[in-house]
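Colleague: Mind docking chains C, P, U, L and A with the ligands on chain B? Use the hints.
There are 6 protein chains.
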Amino acid sequence: FFREAADQKPTPGLSTGLAWTPSGGEILFIEATANPGKGSLTLTGLLGDSMRESAQAAMSYLKSHAASLAIDPNRFDKADVHIHVPAGAVPKDGPSAGVAIVAALVSLWREMPIRPGLAMTGEVTLTGRVLPVGGVREKVLAARRSGVREVILPIRNEKDLTELPPEVRQDLVIHLVAHLDEVLPRLFESDRATQHDNHAASPERARLERSTRSRGRVTPHPLPTAAPVRSR
Amino acid sequence: FFREAADQKPTPGLSTGLAWTPSGGEILFIEATANPGKGSLTLTGLLGDSMRESAQAAMSYLKSHAASLAIDPNRFDKADVHIHVPAGAVPKDGPSAGVAIVAALVSLWREMPIRPGLAMTGEVTLTGRVLPVGGVREKVLAARRSGVREVILPIRNEKDLTELPPEVRQDLVIHLVAHLDEVLPRLFESDRATQHDNHAASPERARLERSTRSRGRVTPHPLPTAAPVRSR
Amino acid sequence: FFREAADQKPTPGLSTGLAWTPSGGEILFIEATANPGKGSLTLTGLLGDSMRESAQAAMSYLKSHAASLAIDPNRFDKADVHIHVPAGAVPKDGPSAGVAIVAALVSLWREMPIRPGLAMTGEVTLTGRVLPVGGVREKVLAARRSGVREVILPIRNEKDLTELPPEVRQDLVIHLVAHLDEVLPRLFESDRATQHDNHAASPERARLERSTRSRGRVTPHPLPTAAPVRSR
Amino acid sequence: FFREAADQKPTPGLSTGLAWTPSGGEILFIEATANPGKGSLTLTGLLGDSMRESAQAAMSYLKSHAASLAIDPNRFDKADVHIHVPAGAVPKDGPSAGVAIVAALVSLWREMPIRPGLAMTGEVTLTGRVLPVGGVREKVLAARRSGVREVILPIRNEKDLTELPPEVRQDLVIHLVAHLDEVLPRLFESDRATQHDNHAASPERARLERSTRSRGRVTPHPLPTAAPVRSR
Amino acid sequence: FFREAADQKPTPGLSTGLAWTPSGGEILFIEATANPGKGSLTLTGLLGDSMRESAQAAMSYLKSHAASLAIDPNRFDKADVHIHVPAGAVPKDGPSAGVAIVAALVSLWREMPIRPGLAMTGEVTLTGRVLPVGGVREKVLAARRSGVREVILPIRNEKDLTELPPEVRQDLVIHLVAHLDEVLPRLFESDRATQHDNHAASPERARLERSTRSRGRVTPHPLPTAAPVRSR
Amino acid sequence: FFREAADQKPTPGLSTGLAWTPSGGEILFIEATANPGKGSLTLTGLLGDSMRESAQAAMSYLKSHAASLAIDPNRFDKADVHIHVPAGAVPKDGPSAGVAIVAALVSLWREMPIRPGLAMTGEVTLTGRVLPVGGVREKVLAARRSGVREVILPIRNEKDLTELPPEVRQDLVIHLVAHLDEVLPRLFESDRATQHDNHAASPERARLERSTRSRGRVTPHPLPTAAPVRSR
Ligand SMILES: [Ca+2]
Ligand SMILES: [Ca+2]
Ligand SMILES: [Ca+2]
Ligand SMILES: [Ca+2]
Ligand SMILES: [Ca+2]
Ligand SMILES: [Ca+2]
Ligand SMILES: [Ca+2]
Ligand SMILES: [Ca+2]
Ligand SMILES: [Ca+2]
Ligand SMILES: [Ca+2]
Ligand SMILES: [Ca+2]
Ligand SMILES: [Ca+2]
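Protein chains in written order, with our numbering: chain B, 1 to 232; chain C, 1 to 232; chain P, 1 to 232; chain U, 1 to 232; chain L, 1 to 232; chain A, 1 to 232.
Be aware that one or more of the hints could be misleading.
As the list makes no split between identical chains, a pair holds if one copy fits it or if it spans any two.
Derived lysine to aspartate or glutamate pairs resembling DMTMM-like cross-links, with alpha carbons at most 25 Å apart [as the list claims (entries may be wrong)]:
#1 K9 with E158
#2 K92 with D49
#3 K38 with D77
These aren't lab readings, by the way, just hints derived from the structure by calculation.
Only chain B is shown next, with the shape it has when bound in the complex:
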């Protein structure tokens, strides 16, 4: 079968989102480029108001957190950013691409490709909270069908995972997050390497990751940043 996600060449500025359509889930590529300019933001792909606003919020989040994201804040007003979401003839809307848009922008500014096989969905807010989204079941099925191996989901969508067939949960590593602070360390190979080192130093953590993987997901474990944890 056609594994579209695996086909996409890893490129800085490119992330994989998940979309819901009446005929099922789909993977969605978010493409971001920055060229010398004056700080404009161009959004294409027949994006609706809510999705355009998600991109504006993502940009503001990056600017506000440039320091902690290791991005030089002086670059923002010397660049024109363009975010495009193919396919060009398909209208798209809604805030659920927020996490993927932030990821594409962080990848762009840090000039590091996102790890292959990683897809994500989730609305983001200006403070970095990750809000729940709809169509999680269809989105996760589409991710797996397209060759995705890891999915980042809002923790408040945890309940939707019970609707997934067991074999899907076993094939995928699912990260449940409540805040962008938990998303960013998972995006790049280098950060991941660092995480594994940390894990190696913490036998207890390593065990936890094994167990969650066997359950088909990773529960949110403590991260260096002070991410609030939501109990249900």
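Modeller: For chains C, P, U, L and A with the ligands alone, kept in the frame of chain B given last:
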């Protein structure tokens, strides 16, 4: 149960508003960020005309009262402000978030988080008057349901409090205000500490506060600023 | 009863207009602020095209007549003006707030509050003419009901005064004007003091004022500026 | 009766146009002001697209012909022009106010009031041609009713004059023009004085003017500028 | 009868186009002016999207070919261009005025009036190709009726000439063109004089022109510029 | 018959696209010009939102890849680009002209005409991927009918080629591409010459090209850039 308000990490630029929907009241977070820029104002969250205008009025109020609010007025035209109101897919409108928007902006510029557990509703005008709003009963019930402990309401909505069950009025401290001058001293811990010192020095006031608390609300008492008082 | 007009704290930039609605007349506050900026004009309060244009015309009138209004014309392009008309959720339209908008702006730039208890209605043109408006009977009744003691009306609305009950005409001082030149001397206490001095020096005038007051209105008497007088 | 045109105080920037409405003709004041600025053009009075374009064309005509109109062309980009057409609540459209708009702007920039009692109608083009308009009969009747004594009309509307009652044609001096070159010498007293001097020096011309006046109109006679004459 | 085209005074920036309306063809004047400015383009005359785009394309063509058109390219960004198409109350649309708009702009920038009695129709592209248009029969009849003596038409409209009565073809000189390179040498007297000199030096050419004139049109003959030739 | 594509004079900035209409396929010219300016992008030809976005994406792609495309990136913000797609009266939409727009822009900036007889269709993304389009059968038939000899198509449209009659496939060279990296080496004569040199040095490659040509298309062979290949 899920206490959303308590979950929100205290952050400068974040306030808690109250919204009315056909299916009941809801709490609403107002998120404001400021990044280096040229004085633009970006508003997202599918905000309608009236709510966008509330945000413009709030910005103008802050600029006009920068001195008394201890904000450096030279910062306004060097910053781009973004106000976002999640959730991104839910259209919102009306002027009743005015007080919360002003609070978020004051918190942002003073870089002080608003006290946890404090929510507010009320339209504001350019002169700082707080005008009455609709759906107070539903909003207050939603506030309590979400873990809010104090609510700021327009004094001209006092009559709507009689519709509240007694146990709700006992759980919540309700501040009735006629002007933003009465709102601002209640936003931050430090200001509150100062108030308590004042109260300690004024046994009569302390007693008043106790009694009003027992009645489930605080009647508007004289404040340092010359806030006009409305009799009915 | 609730005397809203009396409650409003006198503030530079604040005037009281009169509006007509299907359910009767209402008083309307015009709030104007100026902050350091580049000459922009922000209009909020769900204002329709005609009312927005009235505000633009008022701004242009002020700029053209800055010298005679004792306003430094160099200030205009260094300020962003915001005019707000509460309540934020009520759409408003029509040119009849023109006089009140000019008054709010003159008050703002001269940093002098308008005399308490003074309300006004009337369309204005770029040359300062005051044109007649609709709903005068309802507007005047609303003014009295709200604690207003003086009303400025277009002279071409004089005929509408015959519809007022005698007790209303006795309670209110009504100024009939044909031009903004006749409006401006009535706005501020200091100007009024000057007028009274003039009156003291002119026994004939004093008598005229008494008599007109007893008739419930002041006929337009000669003013320092060369205001054209319309005969009917 | 109410002679509105005679009431209007002569002011630089003010001209009198003629409008057609379903209920008959009306006089229309065009008000223009210029304030220090950057060359913007503000148009108010609920003007439709065609009337807005007429104003843009009038501005461009003035700029292109500044030299021959004795206007300093360097002033245009240092001024913001505002053209307002009362009454503010009445939508207006169509190109027939073109001549009056040009006249108001010439009066504004030359700081000379237009001669009292002079009204005009006619579309203008960028090259200064005066094109015919509709409703001439109603417009001329309205002009006379309002105290107008002279009317400038497009020469291609000459045929419409036959519909006028003889007494109207005897009361009014009507100037038929094909180009703005023929309009401008008739606007100001000083130019007229010059014309009369010329006439005094030319007995033949003086006689012609008498005779045309007795016929209720002035046929277009040779003018200093090279205005093309249209034969029919 | 009224020969409108002959009435129009030759002026730099003025060209004569041809329009099709449901009631027959009409001549159309394109008026262009340039005033000191910053490179803006104002389009008036109730022009539809397609006609506005034609004007934008004409401007871009001029800028790209300034050198070969003997226009100083530095002038473009120091001028505001205004193109007006009377009559102001008649909506107009479509790309067929492209050739006439280019002609008006070339005439404007070269400050040379277009030869009297010359009208034209044809869509233009950014590369200067002249595309066929509709309503050629009606347009040509209207041109002749208005006193036009020469018409420039797209060569791909040649077939439409067979619909013309023989007397019309004998009265008019018709130039069929495939590219703007063939249009520009026909616009001005001086260029034409040069052409005639050339013709005088080339007996064969002179004969060709005679014969084509007798057939009521001029076939496109070789021109100095490398205009592509379309075979059918 | 009329071979339109062959008629078009080769010009830098001009490419040939393929369009689908309800009445069949058509060739479409993309015209791009650049004039001294400030980086604006003008799009004409009654282009719909999706097609306008394609042009924006094409511009961003060029800017991001200026170095590898041998374009001086400093030129972009000193030029105003205009892209026009005749015919001016025909509305056009959709993303399928993306490849042709990129080609026109590369041709423009490199000042090299695209090889005659080459047409192309395909959506492009910001990362340079070429996405499949609709109407391939009709487009290819139209290309051949218009004198096109080579067509660039998205590789994901390969299946649509089976619908073509054998004689069409034998007349045309068809290039199937997955990325813009594979398009650009085919646009210009000089690059092609270089390719042939490369091929001469690689007997195996030469053979492959011969065989594919005999099958009426060129399969995508390895290119210098690392273009991901999609398997189906
Ligand atoms: Ca696209
Ligand atoms: Ca968190
Ligand atoms: Ca959002
Ligand atoms: Ca108060
Ligand atoms: Ca408001
Ligand atoms: Ca108004
Ligand atoms: Ca007056
Ligand atoms: Ca108005
Ligand atoms: Ca003339
Ligand atoms: Ca017009
Ligand atoms: Ca066009
Ligand atoms: Ca590829």
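Colleague: Take the hints in turn and mark each one as holding or not.
Modeller: Checked hints:
In the homo-oligomer, the alpha carbons of K9 and E158 lie at most 25 Å apart only across protomers (21 Å), although the nearest pairing inside one protomer, at 30 Å, exceeds that limit. Taking the shortest Cα distances, K92 and D49 sit within 25 Å of each other both inside one copy (9 Å) and across copies (13 Å). Taking the closest pair of Cα atoms, K38 and D77 come within 25 Å of each other both inside a single copy (5 Å) and across two copies (10 Å).
Hint violations for this structure: none, all hints satisfied.
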